[in-house]
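2 protein chains.
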Amino acid sequence: MISLVPVEGLGEVVPGDEIADLVLGAAQLEDWDVLVVTQKIVSKAEGRLAPIDPADPDARRELVLSESTRVLRDRDGLVISETSHGFVCANAGVDFSNVDDGWAALLPVDPDRSARHIRDALRARTGLTIGVIVSDTFGRAWRNGLTDVAIGCAGIAAVVDLRGTQDANGRPLSVTEVCIADEIASAAELAKGKASGVPAVIVRGVDRRWFRESSVKAEVVRPHQLDLFR
Amino acid sequence: MISLVPVEGLGEVVPGDEIADLVLGAAQLEDWDVLVVTQKIVSKAEGRLAPIDPADPDARRELVLSESTRVLRDRDGLVISETSHGFVCANAGVDFSNVDDGWAALLPVDPDRSARHIRDALRARTGLTIGVIVSDTFGRAWRNGLTDVAIGCAGIAAVVDLRGTQDANGRPLSVTEVCIADEIASAAELAKGKASGVPAVIVRGVDRRWFRESSVKAEVVRPHQLDLFR
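Keeping their order, the protein sequence lines are chains A and B. Under this note's numbering, the residue at position 65 of the first sequence is numbered 65, and the numbers go up by one with no gaps. Under this note's numbering, the residue at position 188 of the second sequence is numbered 188, and the numbers go up by one with no gaps.
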């Protein structure tokens with residue numbers, strides 16, 4: 001059985017905060033937990049904030065384009081672009097909600113490093129084996145509605161390779177590589193609710209074989225030249 | 001807190017089986033549970049099986065094309081196409097693994113109807129308020145690794161519209177429509193494991209406001225003319 005436990009009472013996160021300390025002050029972690037934290041509190045803790053007039057659409061657009069390395073679609077005020085990380089998402093991941101007036105939150109410079117930083121701090125303080133995922137809310141091609149995905153991870157596999165495993169009939173499985181980091185991020189989203197301000201969720205009971213060093217950038221971001229839809 | 005409980009001991013599913021009865025024989029459902037069942041057992045129960053020589057790549061390809069209404073990409077033996085349901089996925093959702101030799105499993109004709117059928121049967125037998133999601137494992141654009149998504153649902157919202165909700169600072173949220181059906185399907189996948197043969201998971205503790213009549217076809221499938229990536 002897997003449990004999704006919201007971490008409540010983290011309080012407002014400000015630049016310089018150590019997220020590991022905030023979480024440990026609010027929740028009891030256990031060995032083999034995966035901690036999922038939203039991009040927004042990571043960006044706030046890291047000071048990844050840009051001044052912006054929220055009422056000025058040109059300023060918003062300029063900020064989005066400055067965070068984009070390549071624009072895929074640009075229609076009716078919606079920019080879908082590629083970020084320096086290789087993510088394809090709306091508004092280059094710039095977040096104008098749940099930030100103080102006059103500010104926007106940018107994606108962390110290196111979300112895998114952000115996850116490692118939190119994981120290392122948790123490990124140093126507790127000695128526990130913990131996975132950490134930094135999540136954000138992205139749209140998709142072909143399907144309506146947003147889902148939470150992993151933009152960074154540490155200590156937990158991003159993609160689990162089931163190649164060579166046999167199905168229940170003893171034949172090799174044709175479906176092979178599962179992005180469990182995205183599935184864990186999506187699962188966590190169910191437990192936090194969008195407007196309730198819960199920015200961290202503990203996912204407890206994940207398969208222990210999935211705990212290892214990993215990286216969203218290395219395992220999940222599909223290289224441009226291998227992508228059929230870019 | 002949300003719990004993900006695998007339903008073990010369902011046994012081999014054969015055409016004509018009533019999935020609701022199999023689940024009720026193996027697990028104790030509660031009010032407000034969401035039951036996630038894989039496409040494969042739904043297709044088997046509904047007899048959506050096609051004879052195929054698994055060693056003949058031409059036969060496999062022919063079957064995939066016959067299940068496709070439109071081919072988006074066709075390279076190196078990988079066909080990414082649109083199905084009659086409007087899903088965009090590899091091999092038109094045809095499944096060659098975990099099926100008896102000489103057979104492939106096709107997608108249900110109407111997976112929302114399949115979910116409704118299971119939900120109605122569960123309700124008739126128990127009187128409980130239950131949501132049902134039929135899940136399948138799809139790839140995505142831009143990101144490596146497969147994730148489980150909802151191909152049909154009943155009694156639980158596919159997309160939750162948070163438009164008009166305010167963020168923690170009292171401003172309207174810019175991120176609005178969340179595909180909780182896909183997030184629930186992904187969460188369930190974490191609890192079943194690919195090769196272990198667990199084809200159903202109970203998701204317990206989901207927000208009760210999300211229980212309503214819904215449909216993946218109506219809410220999640222993005223109409224062709226609104227899709228920027230087809």
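It cannot be assumed that every hint is accurate.
Copies of the same chain look alike in the list, so a pair counts if it fits in one copy or across any two.
Claimed, not checked - Under the rule of at most 20 Å between Cα atoms (straight-line distance), these lysine to any residue pairs were calculated in the SDA-like manner:
#1 Lys217 - Leu106
#2 Lys217 - Gly205
#3 Lys217 - Asn144
#4 Lys217 - Gly25
#5 Lys217 - Leu49
#6 Lys217 - Gly139
#7 Lys217 - Leu29
Since the hints were derived computationally from the structure, they do not count as laboratory data. Here the structure is a predicted model, which is why all the values come from computation and not from measurement.
Q. So which hints don't hold here, by number, going up?
A. 2, 4, 5, 7
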